[in-house]
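S.K.: Spelled out from the first residue to the last, the chains are:
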Amino acid sequence: MPSAPDLYRQAFRLMLSARLVEDKLTALKRSGKIFGGVFSGRGQEALSVALGIHLHKGDIYAPLIRDQAGRLAFGDTILNTFRTYLGSALGSMRGHDGNVHRGRPREGYFAMISHLGAMVSAVGGALMARRFRGETGIVGATCIGDGGTSTGSFHEGLNMAAVEKLPLVVVVANNQYAYSTPNDRQFACESLFDRAIGYGVTGHRVSGIILADCLDVIGKAVAAARAGEGPQFVVADLLRLVGHAEHDDAQYITEAQKASPLGRDCLVLAEETLLRENRATPEEIALWKKQIDEEIEETTARVLREPAPDPEEESWIPFATDYLHPCFADS
Amino acid sequence: MNHSITYLEAICAAQRKALAEDPRVFIYGQDVGNFGGAFKATKNLAKEFPGRVLDSPISEDAMVGMAIGAAIEGMRPIVEMQFADFSTCGLNQIVNHAGTLFFRTEVPCPLVVRLPSGGNTAGGPFHSQNLEALYAHYPGLVVMTPATVEDVYTMLLEAIKIDDPVIFCEHKFLYYHLKAEKLPTEGLPVGKARITRPGRDATIVTYSAMLHESLAAAEELVGDGYEIEVVDLRSVKPLDTDTILASVARTGRLLVVSEAFPWGGVAAEVVARVTAEGFGLLDAPPQRLNSKDTPVPFHPALWGTHRPTASTIASALHRLLKL
Ligand SMILES: Cc1ncc(C[n+]2csc(CCOP(=O)(O)OP(=O)(O)O)c2C)c(N)n1
Ligand SMILES: [Mg+2]
Numbered sequence: 000m001p002s003a004p005d006l007y008r009q010a011f012r013l014m015l016s017a018r019l020v021e022d023k024l025t026a027l028k029r030s031g032k033i034f035g036g037v038f039s040g041r042g043q044e045a046l047s048v049a050l051g052i053h054l055h056k057g058d059i060y061a062p063l064i065r066d067q068a069g070r071l072a073f074g075d076t077i078l079n080t081f082r083t084y085l086g087s088a089l090g091s092m093r094g095h096d097g098n099v100h101r102g103r104p105r106e107g108y109f110a111m112i113s114h115l116g117a118m119v120s121a122v123g124g125a126l127m128a129r130r131f132r133g134e135t136g137i138v139g140a141t142c143i144g145d146g147g148t149s150t151g152s153f154h155e156g157l158n159m160a161a162v163e164k165l166p167l168v169v170v171v172a173n174n175q176y177a178y179s180t181p182n183d184r185q186f187a188c189e190s191l192f193d194r195a196i197g198y199g200v201t202g203h204r205v206s207g208i209i210l211a212d213c214l215d216v217i218g219k220a221v222a223a224a225r226a227g228e229g230p231q232f233v234v235a236d237l238l239r240l241v242g243h244a245e246h247d248d249a250q251y252i253t254e255a256q257k258a259s260p261l262g263r264d265c266l267v268l269a270e271e272t273l274l275r276e277n278r279a280t281p282e283e284i285a286l287w288k289k290q291i292d293e294e295i296e297e298t299t300a301r302v303l304r305e306p307a308p309d310p311e312e313e314s315w316i317p318f319a320t321d322y323l324h325p326c327f328a329d330s
Numbered sequence: 000m001n002h003s004i005t006y007l008e009a010i011c012a013a014q015r016k017a018l019a020e021d022p023r024v025f026i027y028g029q030d031v032g033n034f035g036g037a038f039k040a041t042k043n044l045a046k047e048f049p050g051r052v053l054d055s056p057i058s059e060d061a062m063v064g065m066a067i068g069a070a071i072e073g074m075r076p077i078v079e080m081q082f083a084d085f086s087t088c089g090l091n092q093i094v095n096h097a098g099t100l101f102f103r104t105e106v107p108c109p110l111v112v113r114l115p116s117g118g119n120t121a122g123g124p125f126h127s128q129n130l131e132a133l134y135a136h137y138p139g140l141v142v143m144t145p146a147t148v149e150d151v152y153t154m155l156l157e158a159i160k161i162d163d164p165v166i167f168c169e170h171k172f173l174y175y176h177l178k179a180e181k182l183p184t185e186g187l188p189v190g191k192a193r194i195t196r197p198g199r200d201a202t203i204v205t206y207s208a209m210l211h212e213s214l215a216a217a218e219e220l221v222g223d224g225y226e227i228e229v230v231d232l233r234s235v236k237p238l239d240t241d242t243i244l245a246s247v248a249r250t251g252r253l254l255v256v257s258e259a260f261p262w263g264g265v266a267a268e269v270v271a272r273v274t275a276e277g278f279g280l281l282d283a284p285p286q287r288l289n290s291k292d293t294p295v296p297f298h299p300a301l302w303g304t305h306r307p308t309a310s311t312i313a314s315a316l317h318r319l320l321k322l
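These protein sequence lines are chains A and B, in that order. In case it helps, numbering that gives the first Met the number 0 puts the first sequence at residues 0 to 330. In case it helps, numbering that gives the first Met the number 0 puts the second sequence at residues 0 to 322.
Be aware that a few hints might be false.
[What the hints assert, rightly or not] Listed below are the simulated SDA-like cross-link pairs for lysine to any residue, each with C-alpha atoms no more than 25 Å apart in a straight line:
hint	chain 1	residue 1	chain 2	residue 2
1	B	160	A	320
2	A	56	B	310
3	B	160	A	243
4	B	160	A	316
5	B	160	B	291
6	B	291	B	322
7	B	46	B	191
8	A	56	A	103
9	A	23	A	219
10	B	42	A	162
11	A	164	B	32
12	B	16	A	106
13	A	56	B	42
14	A	164	B	35
15	A	164	B	30
16	B	160	A	327
17	A	289	A	274
18	B	191	B	291
19	B	291	B	279
20	B	46	A	163
21	B	191	A	317
22	B	39	B	120
23	B	39	A	103
24	B	191	A	316
25	B	160	A	328
26	A	23	A	321
27	B	160	A	146
28	A	56	B	73
29	A	164	B	121
30	B	160	A	131
31	A	219	A	6
32	B	160	B	322
33	B	191	A	315
34	B	39	B	268
35	B	42	B	106
[Unchecked claim] To be clear about the criterion: a stretch of chain A counts as covered by chain B if any three or more of its residues have a C-beta under 8 Å from a C-beta of chain B, and this derived list gives those stretches:
hint	stretch
36	148 to 157
37	182 to 196
38	300 to 314
Rather than coming from a laboratory, the hints here were simulated on the basis of the structure. Quick caveat: nothing in here was measured; it's all calculated off a predicted structure. Cβ atoms here follow ideal geometry from the backbone N, Cα and C, with glycine treated the same way.
Only chain A is shown next, with the shape it has when bound in the complex (with noise of 0.2 Å):
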């Protein structure tokens, strides 16, 4: 673990791969290179990140659709992500997913599923998994929205990893809207951090635009988790800055809720912070700047050239039990 000012440095580093990522995925997107959706976790990258950084190797973490910066912290590449995205069958997904339902779960790296709330339970089974093993000093880790709160999958996810005392770490970006559905008809309760007590986990709040703050409570919490403190739920307050995907407007986020300070940008904020302390100069940034915008356009005309999936090549039987095989072949 670097010290705390290289930690910074280094998690804004990566805030502005993801940023630059996504904006490239966002004009790929426009110019019809890419199948499906781009979701963007534009504004969020601060807490995104903070959580990737604090997760180790042989950790679990089930990253959500607006962890583009927390996919790159915990060791997934700018190359797996535009190969995903592009279709390109060398992507670890090999066309058979799309876009943020990528991962490689054999490196605790988990792919989510669309549905919301589902991957609260399956990080919490490799937990269990773990401590079947006597495994200690492990953490698992999931985002959610404001929105995803409301699911019975993360209610009973949460819910059975307390009963556990399972080392999980859940993170809620409170980004004030599911889609354009903003938190007033979502939930009624105050806060959401009040529900950490009732599920008898412990709480933790922060604000989400911070990237300071985010390492900091997040560093906690996930380190509370690894010492056996059972599961810690961290909400973070901030606002969506994009719409939902790259086809929403996002008309219906009020123009004061732009203009608070949930709406400022946590990749501004943090840049500006880095040059008053004096942690890196303008010259530096503008170097990682370009360094990324370089990997970025290498890698995209590289996966540009790759193949994509084949469907002669393949087996269209989707069981990974051989001797199944045969019973199957008509399918």
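Once you have looked at the hints, place chain B with the ligands on chain A.
M.R.: Below, chain B with the ligands alone, put in the same frame as chain A:
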């Protein structure tokens, strides 16, 4: 002293053997721990295998989600649903998560969801259902429907060994009714149907508790001079179309019997396959007999009419033989 073993005891015995032989196996479900399960299918297992037979909250979605995460990490979870009917609360995790995992990620998802299925007197609409067609509809799930004590034992052991999610439909009506002298060491592999009774005049294709009603009906027709062949599917996915077609080739007539609802069910699938692949083998239009297309009624008088029985199967056979 009777040393026979029941269908239910065979389920317990298979789980005991799996727990003893494979440290990756554990059981998760409501009341399965010290209490031994609502039907006692896990009787004494929590005591014999401390920490590996765990009570779950009433959270079918999380029970299956948990099993998926554990399976990804190399465990072999067995999830007991208290009744098959409640598995619909975990439907999403079963069909959209477990069923898609290997196709999406190339990571196997070896888990077993045990469904205490089917009707019993006074079970009513929510403790009686047969959901095999629902799960078989979705890609990526193996669906087993054992009809005998021997099969429930060997197939559950195989289900635990299979690297894919298995929906294990065990029939509650058979739990105590069915007995065997001893447990087998080997069984037919999944995907192989069994000709339980050979015949030449018509074929009944069936599975689970309806095997026994069908055998009784076949016996009834002996008096009229008919020899009815009875095929036990054993698993509905994979479905052993070859054995079915071979039987129809011998008899020329097909009746499919299932206790489940008729619409888009296993019987419909079998009829569709035989019609498409064995039309020329048929001497009469293939028939099916299901439960009625209503919720399962509570009162025994209604329930007895809702599902197929030996006598309604016998009538259906008589009609088929005259076609
Ligand atoms: C169970 C379920 N229902 C509906 C959807 C469709 N859907 C996808 S994202 C979304 C809004 C999610 O809002 P929130 O959880 O607040 O996350 P955010 O998009 O704000 O990050 C909806 C309704 C879904 N994915 N899953
Ligand atoms: Mg939201």
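S.K.: All hints are to be evaluated individually against the structure, with a verdict given for each.
M.R.: Evaluation of the provided hints:
1. B:160 - A:320: Given that 25 Å is the threshold and the Cα spacing comes to 9 Å, the pair holds.
2. A:56 - B:310: Between residue 56 of chain A and residue 310 of chain B the Cα gap is close to 63 Å, so the pair fails against 25 Å, i.e. violated.
3. B:160 - A:243: Judged against 25 Å, a Cα distance of about 43 Å means the pair is violated.
4. B:160 - A:316: 19 Å, holds
5. B:160 - B:291: 36 Å, violated
6. B:291 - B:322: 23 Å, holds
7. B:46 - B:191: 36 Å, violated
8. A:56 - A:103: Measuring from Cα to Cα gives roughly 13 Å; hence the hint holds.
9. A:23 - A:219: 33 Å, violated
10. B:42 - A:162: Judged against 25 Å, a Cα distance of about 23 Å means the pair holds.
11. A:164 - B:32: With a Cα-Cα distance of about 18 Å, the restraint between residue 164 of chain A and residue 32 of chain B holds, given a limit of 25 Å.
12. B:16 - A:106: At roughly 31 Å apart (the allowed maximum being 25 Å), residue 106 of chain A and residue 16 of chain B break the hint.
13. A:56 - B:42: The given pair, whose Cα atoms are some 40 Å apart, is violated under the 25 Å limit.
14. A:164 - B:35: 23 Å, holds
15. A:164 - B:30: With a Cα-Cα distance of about 19 Å, the restraint between residue 164 of chain A and residue 30 of chain B holds, given a limit of 25 Å.
16. B:160 - A:327: 19 Å, holds
17. A:289 - A:274: Status holds; Cα separation ~18 Å.
18. B:191 - B:291: The hint is violated at about 28 Å.
19. B:291 - B:279: 30 Å, violated
20. B:46 - A:163: The given pair, whose Cα atoms are some 19 Å apart, holds under the 25 Å limit.
21. B:191 - A:317: 19 Å, holds
22. B:39 - B:120: Given pair residue 39 of chain B, residue 120 of chain B holds - Cα atoms ~19 Å apart, limit 25 Å.
23. B:39 - A:103: Cα-Cα ~39 Å, so violated.
24. B:191 - A:316: 18 Å, holds
25. B:160 - A:328: Holds, at about 21 Å.
26. A:23 - A:321: 41 Å, violated
27. B:160 - A:146: 39 Å, violated
28. A:56 - B:73: Answer holds: residue 56 of chain A to residue 73 of chain B is near 17 Å, not above 25 Å.
29. A:164 - B:121: Violated: residue 164 of chain A and residue 121 of chain B sit about 39 Å apart, past 25 Å.
30. B:160 - A:131: OK: residue 160 of chain B and residue 131 of chain A at ~19 Å, within 25 Å.
31. A:219 - A:6: Given that 25 Å is the threshold and the Cα spacing comes to 14 Å, the pair holds.
32. B:160 - B:322: 45 Å, violated
33. B:191 - A:315: Cα-Cα ~21 Å, so holds.
34. B:39 - B:268: 34 Å, violated
35. B:42 - B:106: Violated, at about 33 Å.
36. 148 to 157: Holds: 4 residues of the stretch 148 to 157 of chain A have a Cβ under 8 Å from chain B.
37. 182 to 196: violated (count 0)
38. 300 to 314: Since 0 is below three, the answer is violated.
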